Structures are given as structure tokens and as C-alpha cells.
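There are 2 protein chains.
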Amino acid sequence: MCDETNMTEAGTERDRSKKPSKSVCVYDCRPDSSDALARTLDIANVDYNGFLQALKQLFSLSTNETFVISTTDRREIDEELYKELVDGKTLHLLKSVNQELSVATQERIEYLPHYHTLVQCGMYEYYASEGQKALPYAFAELIDNALSATAKNTGIRRIEIRLLFDESQGGPAVVVMDNGCGMTSKQLNNWAVYRLSKFIRENDMFHSEKPGYERPSPVPRSLNSDISYFGVGGKQAVFYIGQSVRMISKPAGSPDVHEFVMSKEDFERKELNREDIYSGFIRNRKPGDFSHVNVIEEQFLRSIVIEEDGKESFTAVVITGIQPEHVVYLKQYFSLWTRELAHTYHYYIHGIDGNDKRKMRKTDHFSNIDIQISLFERSPRIPALVNLRDVDNDMQTLYVSSSASTFEFKAIGARDSLVEGLIRYHPFLYDRETYPVDPYAASAGPLEDEDEDCVVLNSEGRGKQPIFECFWNGRLIPYTSVSEFEWCKRPKKPGAVPSECYNRISGVLFANDRFQVSTNKLTFMDLELQLRDKETIFTRVHNGQEQRVKIEREFTNWLKDCHERFDKQVMFQGFQGLMTREDV
Amino acid sequence: MCDETNMTEAGTERDRSKKPSKSVCVYDCRPDSSDALARTLDIANVDYNGFLQALKQLFSLSTNETFVISTTDRREIDEELYKELVDGKTLHLLKSVNQELSVATQERIEYLPHYHTLVQCGMYEYYASEGQKALPYAFAELIDNALSATAKNTGIRRIEIRLLFDESQGGPAVVVMDNGCGMTSKQLNNWAVYRLSKFIRENDMFHSEKPGYERPSPVPRSLNSDISYFGVGGKQAVFYIGQSVRMISKPAGSPDVHEFVMSKEDFERKELNREDIYSGFIRNRKPGDFSHVNVIEEQFLRSIVIEEDGKESFTAVVITGIQPEHVVYLKQYFSLWTRELAHTYHYYIHGIDGNDKRKMRKTDHFSNIDIQISLFERSPRIPALVNLRDVDNDMQTLYVSSSASTFEFKAIGARDSLVEGLIRYHPFLYDRETYPVDPYAASAGPLEDEDEDCVVLNSEGRGKQPIFECFWNGRLIPYTSVSEFEWCKRPKKPGAVPSECYNRISGVLFANDRFQVSTNKLTFMDLELQLRDKETIFTRVHNGQEQRVKIEREFTNWLKDCHERFDKQVMFQGFQGLMTREDV
Ligand SMILES: Nc1ncnc2c1ncn2[C@@H]1O[C@H](COP(=O)(O)OP(=O)(O)OP(=O)(O)O)[C@@H](O)[C@H]1O
Ligand SMILES: Nc1ncnc2c1ncn2[C@@H]1O[C@H](COP(=O)(O)OP(=O)(O)OP(=O)(O)O)[C@@H](O)[C@H]1O
Ligand SMILES: [Mg+2]
Ligand SMILES: [Mg+2]
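Respectively, the protein sequence lines represent chains A and B. Here the numbering used here is used: the first residue of the first sequence is 514, the next is one more, and so on. Here the numbering used here is used: the first residue of the second sequence is 514, the next is one more, and so on.
To be clear, the hints were calculated from the coordinates, so they are not data collected in a lab. Heads up, a few of these hints could be off.
Identical copies look the same in the list; a pair holds intra-copy or inter-copy alike.
25 Å max Cα-Cα, derived DMTMM-like pairs, lysine to aspartate or glutamate [what the hints assert, rightly or not]:
#1 Lys535 with Asp789
#2 Lys535 with Glu715
#3 Lys608 with Asp822
#4 Lys870 with Asp560
#5 Lys844 with Asp1046
#6 Lys872 with Glu1077
#7 Lys977 with Asp1046
#8 Lys608 with Asp545
#9 Lys799 with Glu589
#10 Lys799 with Asp545
#11 Lys646 with Glu982
Predicted model only: the values in this text are computed from it and were never measured.
Whenever a hint applies, use it, and build me the whole structure from the sequences.
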């Protein structure tokens, strides 16, 4: 077995060494050969006849002995194919081309994942059945990373998404920036390694200083900013949005900026030239140094590099080669998708109580997270700019501001799994339900014109919608919802509370990291299943205290109380039938 | 720039060459150095002091000049860290540790995808919200591959799934076998390359004979057996089911069997030993040679190898390290998941008209595909065995056999996209709707006991269910359904056909490969969106002829006709009110 051979062509792995060496590994498979004798033959400067001569000598073939030399796929090596042999190939020496293998042979192969593993990783991940809602969730992956990176900031945590669509400045480009801890060159290298999750990573150059992953300590509603799990999110997001990414990062405490480019074009070039596919260069440089930015299409990069001066640490993710249909979508549905992001990060932006205008003066739940989105188009179009904190029509804001009372609870399961939950009551007032309606969801199919204000009359409250939206480590998992639990379900038989009150509740679940989500963070794996487990215990939390009474009873009492205190019904009493006023 | 250095530690890439060479690449970054001078230093047999001396000499440092030698992350290389330096490391020569970089430097990194790319690829792909239905679709990926492989068989196409759960024979193991074309060693190598799809593959050893991908010519209902797309299915499936796979294959026309093992354990070992992660061995041997099967846990392998004798070509996928919960599921829900597979491949198994018992004598749509599933447990338990063709309670069978008439149509869109479709009429007979009800779907939540026959009374036909199940290249895409089209929708105003007739239709769509599916083949990307496109033209197909009349009109007439011909209503006429019989 010639396993020390330097393999170069098998699989997609190419010429690593660039040395002009060329050798083959030949197994003697003739029926009478007793052992799987393998020999390496250097054929770098040998022609076909020389090769045959060498073979004869090596395996002591007598001059008149017939033999066949073939690939492991039984392709006979003739003069033509001989020229195409690549370094490291395994060959069989046979008596005849169809002779059975007297001994087994081993053939070394390489099977590097194809670069589509990176370039196409996001493509099929962020789809939605109607192909519409995907893009905001790709951005969410980049916001997730920025939230993690800024978790330990003492001052403001600034996250910026800039859409640079003014083509006179180059681009189009999408830039996601944060003033977080940045990445060392080693960490930037790690960023590029697909599926290298935080749980299995060495962050330091040196083994002696390997820090393990530390699980963050529990915080209310699991707003721990530790929203990474698989080691794929950033790559999936950038290659879903575009075809090239330039990561620029300055780690805290270092004077240097590290820069790394990964692009579809690069991969293609490397494949064509048979270079190492997963090899590249990090550029180490001083902040503000844009001497490497030369092409006119990347004008905008200069200003980004110039901004670096004076920043203690930062990361900028610069995506180019943006899919044209994404550019159209991002412009056209600007308020739609920014609203979706405001919804996704509602509790990070507004603090654990959410966007409650009525509690404005209370500053103890102040959030120092600033997520700003700006859209630059060719002048004279003025830039559009929105701070997610100012969005006030996302569903969570609508729920928070129309709620009259809140019922809090906790579900504790096996292995530290914890869900905090709350149910809100949206009363009936005078002539209508106040349960909020999603103005966007109402229009089935793709939105034609998002400026069109469509006010939907909400006649039956929640209707058949599920009660709970679900958050994981504080951020929304958009495609999972939980309908209800046994204890807050409308009872079959009419009870103490009018049945329509069960249509006046909305809810939120905050799951911690013991629950698993899909790699695209669009769905929980088994949240509902786990919550239905008999081991899972629900308790009401009232004024911060866990109540050891039956939650069903507590809930029903709360609901009854809400109905009595908040529902204001106006009734037409003493209706006498239709009358016609004769006098008009 | 020292890019010819042999990198070994950056990223997850390890020691490729095993030569004990060790060199570092040092950039002169002192403020007064004019150029980014990089020099390679061989430090294999040099101690720390020797290293400093060499540095001084190389960069002509004067004896009293102060300098710092550091990593690109500004870690100063002292005597301790020097020992940990790995081959290929890039270092900076600085005046002081915090000095800014006068020139930019380049650092070669490697970023091989982590092996979790393979080992965990299926884990989050085949989930379902309730964690239940995933497994059949992992098997489906292996059946897809077997269908492709047997597409050109002239005789019977035999696909077998064996669950070897008799632990006295080793295992548990899952074996998927087919009598298809098999794989050459090169193709087996390609199999292992993640994301290497058929579209970008070289199948031959030699570039001169590279065959491109040939799109199969259109066949009715797109039953073309070409059900592969991404180059991930097999890997995702085996690592979702278990932790190790042995691929055994004999290509047609070759006397040799090729064998390749990929396993989590193997990857872990290679990482630990810093060996090449994506490197392995194919074993070439004669059929029936089990000399390499030694461990007692793999007893069952012997019989599989012995079976090889006399087979012209085949592929066997042998999965071990089966997740225990899968073993439980596969035993417990045997009839549930085999039924799901029968549903998925309904038209492959039964031919283009489906499982129509009433057309039994018509042999022109005969299918030569045999998919057999067997479950072996420890004796005295007798093996369970089912041929998918014999399953007669899958939904498509229920639809086919309760249908009274069929309306066929075609939708043609841009770029060769084609959907063939049909709608079936399930009449009202005497006292009940005949629209079939899924007995399994009826029980919400996980099935407690699958033997319990629950007959559900179907009072309103289809109800709110979508009309169409959707197939892609002839196989079911289970999580996508299409509710209706404009032309077969129940009209707002009562029309010529009673409204309840619209509840008596079921439908099937057969999409061709121009439509995209998600990588797990559980969802279409944008089938409905594309079908709603105004460019898409629907035409009725009647007796094999396309009708150039408005499809809406055709459909309404058909439905009216169905109602008049097939619905048999029994009415109680002359109801006079409740009477009480005094005589009893
Ligand atoms: N903005 C950032 N600032 C600092 N480090 C970052 C930033 N973005 C990414 N990283 C680093 O790169 C790693 C890889 O990011 P990526 O999003 O690809 O995967 P992940 O966050 O680890 O896992 P997930 O798949 O859940 O997103 C992160 O774990 C983090 O260490
Ligand atoms: N049973 C088989 N017989 C012959 N060749 C096979 C078999 N199974 C897999 N292969 C080969 O291995 C390749 C890789 O299979 P895999 O299922 O991993 O990806 P794919 O089928 O190409 O794409 P997809 O991701 O859509 O499944 C196939 O394209 C096929 O060439
Ligand atoms: Mg991430
Ligand atoms: Mg496949």
C-alpha cells in the first residue's frame, strides 16, 4: 500500500505541492502473485516504453509474459492514456484485463467538499414557500453575529446595515458593521471554516492557551446575545445575498486590521488553476490603509476603510456581487423587511419589557443596542434611514401596546431547558376587538404596493391563529409558533369565562439554548414536543414570584379578571324592530 | 510573500506531508523598513536563541537594536511560545509590540470545511416540526439514488431496504441495495465529495473522456428516475440515520467490487492524529471476498458480501451506528413509514396511472420497479416484509381508487418548465362523501398505537385541505401542497355547479426538473409562485389531446358532468315533522 504517495488528482483535491513529481502505485494482481505487493514507480521523466520496461523489471516479468496494466476501473493504460496519468494514481498489474482480483488493493482517495459547500450553502436555506420572506432572515444571521460580538461592550452597541446602491460609487454592496470585539487573524481564519462551531473551536494560535466555550449565565428572557450555534450562519447569509464577501476586522487591543476575501470567482479561479481550493490570504494592515483598493467598482470601500481610524475595534462584512433581484426587493420593500427585523430583535432593541410606550419613564430596562439600516441610491434620491428602535408597527409592538394585562409563566424541563412565557390580554373596547391584526399578512400573495394602508377590521380577535410567537436566545424564530397549551385552551364546555375571551390573548415564548433550532434559524426542532412532555412543569410567575398553584386555575382566574376589568361592551338594549321615520 | 510554504496548522488543515520540516515566514514591519520584505526561515532544528540570531542576521539588525518578533495577532514570541510555533506560521518583526504596521502583510491561511459538514449535514435537514416524519425522507434519498442507478436496467429494477436489527448478528444496521449500474472507483470517489453534483462532475479518470451531464428526455409525468440534484442527499441521509457508512459497489462491465467507508469515528481519529481529514481508501477486491470483515459486530456483513457472487452490478449502502431512537421508531411505526414511502414513490411503483385496481388488465403501464423493505429482529421474532407495491392504504392509492373521473391538464412556463396535473372527482354516494380521509393524519400528535383502526367519518369532503399533492421528477415533495388555481376555485357567487362539488376533488401536480426543490427535497422553492405567473399557460388535456379552449370553462363543465353522473344522493322527501309513536 503506497499511502505515502502525494495524491493530487483523485477527488477534487488538486496539486498541493506543485513539485513536478509524478509517480504511480502499482499492485501486482496477477493470479499467481501470492501477496498484494505494491510498488511505487517514479514516472516523471519516463515515456510509455520506459514505463513498461520499468514495470517488467520491478515485477520480474519475463520477456514473453503477457500482462495488462490498468486503472482500478480496468481501463487499460495504453500510450494515449499513459500521458494523462496523474501523480499518485493507483494501477493494477493483471494477467488479462478481465481477470479477477486475486488480492484486494487499497487506493488512496481525497474527497474535499466541493466549494459549492460554501458558495451555495445559503441558496436553498433561506427560501420561503413563496420566495418572499427569505432575505430579512439572511440579514438576521449577520445581526446575530454582531450581537454576539458586541455583547461585552460597555457603551453603546452599534450595528449598522448599509445598502450601497449608488452605482456611481461602485457596488451594489451590502455592508454590515458593528463596534464589537472584532476578530484576531486566528478568529478570522476560524470564521472561514465551515461548520466550525464555537463549541469545538480553538481561538488562540497556541494550544497551551485554548479557551473552551463558556455557556453564558442565564438572563431574563434568554437575551444573552449568544446567538450562534453551527458555524455556518455568516457564510450562508453572505452567499445568499451576494457572491463575494470581504471581512474586515480589528480586534480590541491590537493596532492591526485583518482583512479576508472569500468569493465565488476566487474559488472558480482556484479550481481552474488546480490550486488549493480552501487556501487564501489574510491581509494584515494598519487602520485606514486603503492602498489595496484599486478597482473603480470598489470606490465605496475607500470610505469604509477611512472610517476605521480611531475605532478601538470593529467588524465590517462587505458583500458584493449582490443578486439583482435582491437589490430590487431591498429597495421596494424597505419598510416591510426592516419591520420584520424590528420584530425579530424586538426584545434586544427595546429591552425585556418590549416597546411599551406607557412605561416610557422607567429607564431600568434601557437597551444600549442600536440597529440602524440605511439605503443609499444614486443622487438626487435621498438616503432612507431607519433605526429599528423607531419601528412601531412590528407585531410585538402592536401586541405590547394593545395589551391590558399580562400573565407570566415558566416551563422547566430536563437538562436545564427553560422557557419563559407570557400571555397578554387584548380587551374588547366599546365596538371592536383590540387584538392587533398584521396589516401585511392580510394581503394574500406578494404585496403589490406597500404604501397602501389597508386597515383590516378585526371582528373575531385572534381567530384560529396560534397564541404564541417563539424566541430563541431572545430572537424570533419566525416559522415556529405554538398554538396553545392544555391549561390556556378554550374549554370544551362553557366555563366561568366567556368563550370569546380566549380569542383575546396573544403570547410569547422565550426559549433558552437548550432547545434546538434548524441551521437557518427559521424553525425550532421540537419546542412544542418538548413542552408537551409530561416532565415539563409550568408555573405561573406573579410579581417575580413563582406560584406553586395549579397554572390552569391561575390562568382562568386571570382571564376572568381581565374580562371583568377591561372588556367594555356597548350594547343596544331594548331594540324594538326597524322603524321608518316618516318625517324625513 | 511566502506562499510556497507548506501550511499545516492554520484552520483545521493538519500536517499533510509528515515531513519534519518547520519554517516560518517573517515580515519586516519596522517603521523604517521601506518594503514588505518577507523571508522564510527554516527553524526545524533551531532553538530560541538560534532563531533570534538567524533573525538578526537575515534582517541585518544591529546588536543593540531593540525589536520584537510576534504573531500576526501581536503575541510576542518568547521562549515558551517559540516551542509551539508550527510550520508555515507568519510572523511580524516589529520595533515595539504596539507599533503600527508600516506595510501590509499577507498571511496564508487554510479553511477546510470542518468534518461536521459531512457528519452533521443531515441532522438539521430532516427534522419536522414534531420530530416525527423525518426518517422516511432520509430513506427516500437512498431510494432516489437507487432509482437513478437502475434507470437503464433492462429487467427488473430491484431496490431493497433491510433493517438488520437482530443484534446476535452484529449491528443494528440498515442496508439499502440496488441492482443498478454501480459505481466505478472514480464514481465512488465522487460520491464522497460533498456538493459535487452531477452537473459539475467528471466521471472518468481521464479528462479526455469527460462526459457532461445529459438531461433525460421528457417522459410522461416526469417519471425520469433522475432524482438527484445537489450532491448531498446520500451523505445527509446516511449521517442522519447513523454514524458510519460502508459503500459497496460493483460497476457493470468490471469484475471488481469497490468499497469505501466513511464514519464519524474515522474523522475523529484523523483530527486527533492531525491526519488529512478528507483522505481515505477505496478497497478494490473480487466479489464475495470478505477477508476484511473481522469484527464480530459486523457478522451481517459477511452474508452481504457472499451475496455479491454472480451479480453483474450492484450498490449496497451499509449504515451502522444507527441512532437508537431511530431503531425504536423503525420497528414501532413500520407500517406507517413504509406507507409513507409507498406514497412518495406511488407512480414509480405503479406506473403513470397509479394503483388503479380497476385497470388491472391493462399492462401497458407496467412498472418494473420493485422496492422491498424487510425488518429482521432477534429470533423467534419473524421478519416483517413489505413490497411497496402491495401497500394499498397510501393516500394516492386511496385517491385513485375512489375517483370516478379525472380531469387532466398541463401548465407550461418559461424555460421548459412543465407541470402535468390532474384532478379527480370523488362523488357523494348515497349517504356519505367518498373523498378519502388520511386515517393517520386524523390523530393529532404522535400515534400511540398504529394497529388501532380509526375510521373517521368524512362529512365535508376535502374541507379546507389544499387540492394538490406535488411531485418532482415523479416523486412526492411532501411538505409542499398547492391549494387551488383560479380556474378550479369555488366561485364566490353560486354557479352552475353546487358548491359542495368543489369539496369532492383531489389533485396531483407533476413538476419537471425545471422547478427547484430544497436540498432535503421536502419543499419546492417556488412552485406555486411560478404557476401563478401570468406567463404560465394552463391547457386541458383530453384523451391525450391539448384543448385550446378556456380551461376554466372546461373544468366547470367537467365538474358539472361529474356531479350529474356520479353523485348519488338519497333524500328524505316529504318530511312532516317529528312524530311520536304512541304504540311503543
Ligand atoms: N461581526 C462579528 N464580530 C466578531 N466575530 C464574528 C463576527 N461575525 C462572525 N464572527 C465569528 O465568526 C464565527 C462564525 O460565524 P458564523 O455566523 O458563520 O457561524 P456561528 O455564528 O459560529 O454559528 P451560526 O451558524 O449559528 O451562525 C462566529 O462564531 C464568530 O466567532
Ligand atoms: N445506489 C447508487 N448507485 C450508483 N451510484 C450512486 C448510488 N448512490 C449514489 N450514487 C452516486 O453518488 C452520487 C452522489 O449521491 P448523493 O445522493 O450524495 O448526491 P446526488 O444524488 O448527486 O444529489 P442529491 O443531493 O440531490 O441527492 C450520485 O450522483 C451518484 O452518481
Ligand atoms: Mg452566526
Ligand atoms: Mg441523491
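(request) Using 25 Å as the alpha carbon limit, work out where Lys646 and Glu982 are close: within a copy, between copies, both or neither. (result) both (17 Å within a copy, 23 Å between copies)
(request) Evaluate Lys535 and Glu715 at a C-alpha cut-off of 25 Å and name the case that applies: within, between, both or neither. (result) Between copies, since 21 Å is at most 25 Å while 36 Å is not.
(request) Tell me, please, which holds for Lys535 and Asp789 at an alpha-carbon limit of 25 Å: within, between, both or neither? (result) both (18 Å within a copy, 20 Å between copies)
(request) Using 25 Å as the alpha carbon limit, work out where Lys799 and Asp545 are close: within a copy, between copies, both or neither. (result) between (69 Å within a copy, 15 Å between copies)
(request) Please work out whether the CA atoms of Lys870 and Asp560 approach to 25 Å or closer within one copy, between two copies, in both situations, or in neither? (result) neither (84 Å within a copy, 67 Å between copies)
(request) Check Lys799 against Glu589 for me: Cα-Cα at most 25 Å, and say if that holds within a copy, between copies, both or neither. (result) between (58 Å within a copy, 18 Å between copies)
(message) Reference check for the pair Lys844 and Asp1046, CA-CA at most 25 Å: within, between, both, or neither?
(response) Only across copies: Lys844 and Asp1046 sit 22 Å apart there, 45 Å inside one copy, limit 25 Å.
(message) My question is about Lys608 and Asp822: at a cut-off of 25 Å on alpha-carbon distance, are they close within one copy, between copies, both, or neither?
(response) For Lys608 and Asp822, the Cα distance is within 25 Å only across copies (22 Å; inside one copy 73 Å).
(request) Since the copies are identical, ignore which copy is meant and state whether Lys608 and Asp545 lie within 25 Å (CA to CA) inside a copy, between copies, both or neither. (result) Within one copy only: 9 Å inside a chain, 70 Å across chains, cut-off 25 Å.
(request) Indicate which option fits the pair Lys872, Glu1077 if close means a Cα-Cα distance not exceeding 25 Å: within, between, both or neither. (result) This pair counts as within: shortest intra-copy Cα distance 24 Å, inter-copy 65 Å.
(request) Since the copies are identical, ignore which copy is meant and state whether Lys977 and Asp1046 lie within 25 Å (CA to CA) inside a copy, between copies, both or neither. (result) Answer is within; shortest intra-copy Cα gap is 24 Å, inter-copy 30 Å.
Comparing the model with each numbered hint stated earlier shows that hint 4 is the single one that does not hold.
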